[in-house]
Amino acid sequence: MQAEIINAMSPDAELFQAYSNRTQSMENRSMQVPRGDRRTVGQATVENPKVRCENVDIFYDLGEKKAINNITLDIGQNEVIAMIGPSGCGKSTFLRSMNRMNDTIEGCRMDGKIFLEGKNIYDKDVDVVPLRAQVGMVFQKPNPFPKSIYDNVAYGPKIHGLVRTKNQTDEIVEHSLIRAGLWEEVKDRLDKPGTGLSGGQQQRLCIARTIAVGPEVILMDEPCSALDPIATAIIEDLMDELRKEYSIVIVTHSMQQASRVSQRTAFFHLGDLIEIGPTEQIFLNPIHQLTQDYITGRFG
Amino acid sequence: MQSHIVKSFDSETDGLKKKIIELAKNCEQQLSKAIDAFVAMDVDLANAVIAHDEYINHLQRDIEEDAVLFLARRQPMALDLRHLLSVMKIAGELERIADYAANFSKRVSHLKMPPTQEPSDLIVEMAKTCQLMIHDAMDAFLRLDVKKAVAVWHKDDDIDTMFARMVTLVQKQMQENKFDIKDGTGLILMGRCCERIGDHITNMAEDIYFIKTGKTYSGDFEDCYSS
Numbered sequence: 000m001q002a003e004i005i006n007a008m009s010p011d012a013e014l015f016q017a018y019s020n021r022t023q024s025m026e027n028r029s030m031q032v033p034r035g036d037r038r039t040v041g042q043a044t045v046e047n048p049k050v051r052c053e054n055v056d057i058f059y060d061l062g063e064k065k066a067i068n069n070i071t072l073d074i075g076q077n078e079v080i081a082m083i084g085p086s087g088c089g090k091s092t093f094l095r096s097m098n099r100m101n102d103t104i105e106g107c108r109m110d111g112k113i114f115l116e117g118k119n120i121y122d123k124d125v126d127v128v129p130l131r132a133q134v135g136m137v138f139q140k141p142n143p144f145p146k147s148i149y150d151n152v153a154y155g156p157k158i159h160g161l162v163r164t165k166n167q168t169d170e171i172v173e174h175s176l177i178r179a180g181l182w183e184e185v186k187d188r189l190d191k192p193g194t195g196l197s198g199g200q201q202q203r204l205c206i207a208r209t210i211a212v213g214p215e216v217i218l219m220d221e222p223c224s225a226l227d228p229i230a231t232a233i234i235e236d237l238m239d240e241l242r243k244e245y246s247i248v249i250v251t252h253s254m255q256q257a258s259r260v261s262q263r264t265a266f267f268h269l270g271d272l273i274e275i276g277p278t279e280q281i282f283l284n285p286i287h288q289l290t291q292d293y294i295t296g297r298f299g
Numbered sequence: 000m001q002s003h004i005v006k007s008f009d010s011e012t013d014g015l016k017k018k019i020i021e022l023a024k025n026c027e028q029q030l031s032k033a034i035d036a037f038v039a040m041d042v043d044l045a046n047a048v049i050a051h052d053e054y055i056n057h058l059q060r061d062i063e064e065d066a067v068l069f070l071a072r073r074q075p076m077a078l079d080l081r082h083l084l085s086v087m088k089i090a091g092e093l094e095r096i097a098d099y100a101a102n103f104s105k106r107v108s109h110l111k112m113p114p115t116q117e118p119s120d121l122i123v124e125m126a127k128t129c130q131l132m133i134h135d136a137m138d139a140f141l142r143l144d145v146k147k148a149v150a151v152w153h154k155d156d157d158i159d160t161m162f163a164r165m166v167t168l169v170q171k172q173m174q175e176n177k178f179d180i181k182d183g184t185g186l187i188l189m190g191r192c193c194e195r196i197g198d199h200i201t202n203m204a205e206d207i208y209f210i211k212t213g214k215t216y217s218g219d220f221e222d223c224y225s226s
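As you go down the protein sequences, you meet chains A and B in turn. For reference, each letter of the first sequence is one residue, going 0 to 299 in numbering that gives the first Met the number 0. For reference, each letter of the second sequence is one residue, going 0 to 226 in numbering that gives the first Met the number 0.
Just chain A, same shape as in the assembly (with noise of 0.2 Å):
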C-alpha cells in the first residue's frame, strides 16, 4: 500500500527503486549480529561480478600465520567497494591477492580462487605483467617514477606494447592525464619531472600511470592518507568519475571516506569478513555488533 502511494507520487522511477530497495533491505534485516559471531554477514555475492574472489585464505611466514581466513567476496562492475578494518585486519593482504602483489612476498600462500571475468587469475598459464595492468594499484604514499610527467604516463603503455608511435604515445598520455584529472595542470611542463609535483598531483599521475595501461579494476591502498583535505577531495570526486569505466576496491582507514565514495562497504577483521553491504547500512545501521563498535570507535 505505502509502495502504491510513493510510486503515484513519484515521477521518478529510479529514485522509487532505490527507496523500496532500501526499506526492504531494512525490513529483512535480521536482529543485530552478537560480538563472538566470526560469519560473514550480509550479501557478498553481486550479479555477474567483475572480481569473484572464492573461499580464499592467506597465510604468511610459510603457513605459519593465517592473515586471511575463508573469504568469499564480489567486486561489482563500475562500483566503488570500500574495505575498512583495524590495522593488521587482512584489508589491504586481500587487496593485493587481486593482482597477485602477495607473490613478491616470501613466504605468503593463498588458497582458494579469484576470477577475473571468469578467469582464476591463480591459474599457472596466467602472466603477472598483463594481469597487473587489468588490475592496477595506487599506493598509499605517491611513488612516480623519477621520469618527466610524459614518460612516468607512457611507460606502462610502451612496456605492454600498447603503443607503436609517437603520436599514439602523445594520445594515451593526453587522454590518462584528462581521466586523472591533471591534465590541466601539467601540460604545459610535460618534460619536467613527476617527483616534482605537489603530494596530491603526484598521486593523480599514479593514476593516470594506472590508467594508461587500459585497466579493468584499480586497487588503492589508502590513497589519500598522505594528503591534504583539498588534494583529498579531488581524488575522491576522480574515483566517482573513474567508476563509469572501472571497479575500484579502495582500502581506508577513514569512515567518512569509505562512506563518501563507495557503494558497497565490506568490514574486516582478525582475518575475517565480518560484515558487507551497501554503504549506507554499514554506516547508519550495522548489523552485526563489531561493526558497530569499530565505526563507532567503541572497539575494546
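Don't take every hint at face value.
What the hints assert, rightly or not - Quick partial rundown of chain A residues pointing at chain B, CB under 7 Å, derived from the structure:
1) 114
2) 254
3) 255
4) 284
5) 285
6) 291
7) 294
8) 295
9) 296
10) 297
In short, the hints are calculated from the structure, not lab data. Built from N, CA and C at the ideal position, the CB exists for glycine as well.
For this one, chain A is given, so just place chain B on it according to the hints.
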C-alpha cells in the same frame, strides 16, 4: 553501551543527555502547572507558565547548538548518528509541547467563568495523560526501551478519543447555553492543545524506535517484539 575510546565523546553525549532531561522535566512541570492553573482558574500561575516558555526555548536552542557542534566535531556513525539526530528532533518536539502548554495557559486567563464539570474533567485527564506520556517517553529514551516507546505511541489513541468526546460535549453544552461561545471555543482549543501534545509525543516515540532499530515505526504493535 560500551564506552567510547575517546573519553570526551562520552562526556559530550552525557552532557546532551542531561540537557534533554532538563528540557523534558521543564515541559512536564509546565504542563502540570497549566493544569493547576486551569483547575484553580489561577491567572497568575497561568502567566507564570507563559513567561517560563522563553527559558524552554533557550534550552532547546542550547541543545541544538551542542548537537550541531558534536556533529561537526565527532562525525558520529551508526547508533551514535541515529541517537544524535533523534536528540535534535526530540528537543524540537519538547519545545513544541511547551508551546502548547503556554497556549493552554493563555486560554485559562481568557475564560470568563469556570467550566462545567464534565468537559473540565476530560481536559484535565487529557493533560495528565500527556504528562505521563512525556515521562514514559523520556524513560524509554534513556533506557532505549522500544517496547515502552511503542506503548507510549499507542497511548495517543486514548487522547484522541477523549478529545472527540470533549468536543461533542462542549458543542452540546454550548447549544444548551451552559456557557458562551467564546468560552466554549476556548475549551475546545485547550483540548486541541492536549491533542497536539499527544501527537508530538508519538513523534518522540518514533524517534526512540528509530534510534534502537534504524527503522521507521509502522504502527504495528508486534514490531517491537521482533526488534
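Tested hints:
1. 114: Violated. Min distance 33 Å.
2. 254: Holds, about 6 Å.
3. 255: Nearest chain B Cβ about 6 Å off; hint holds.
4. 284: 3 Å, holds
5. 285: This hint holds: residue 285/A lies near chain B, its Cβ roughly 6 Å from the closest one there, short of 7 Å.
6. 291: The hint holds - residue 291/A has a Cβ within 7 Å of chain B, the shortest such distance being about 5 Å.
7. 294: 4 Å, holds
8. 295: With Cβ-Cβ at 5 Å, under 7 Å, it holds.
9. 296: Holds, because the Cβ-Cβ distance from residue 296/A to chain B comes to roughly 5 Å (cut-off 7 Å).
10. 297: Residue 297/A check passes; min Cβ-Cβ to chain B is 5 Å, inside 7 Å.
Of the hints listed earlier, the one the structure fails to meet is number 1.
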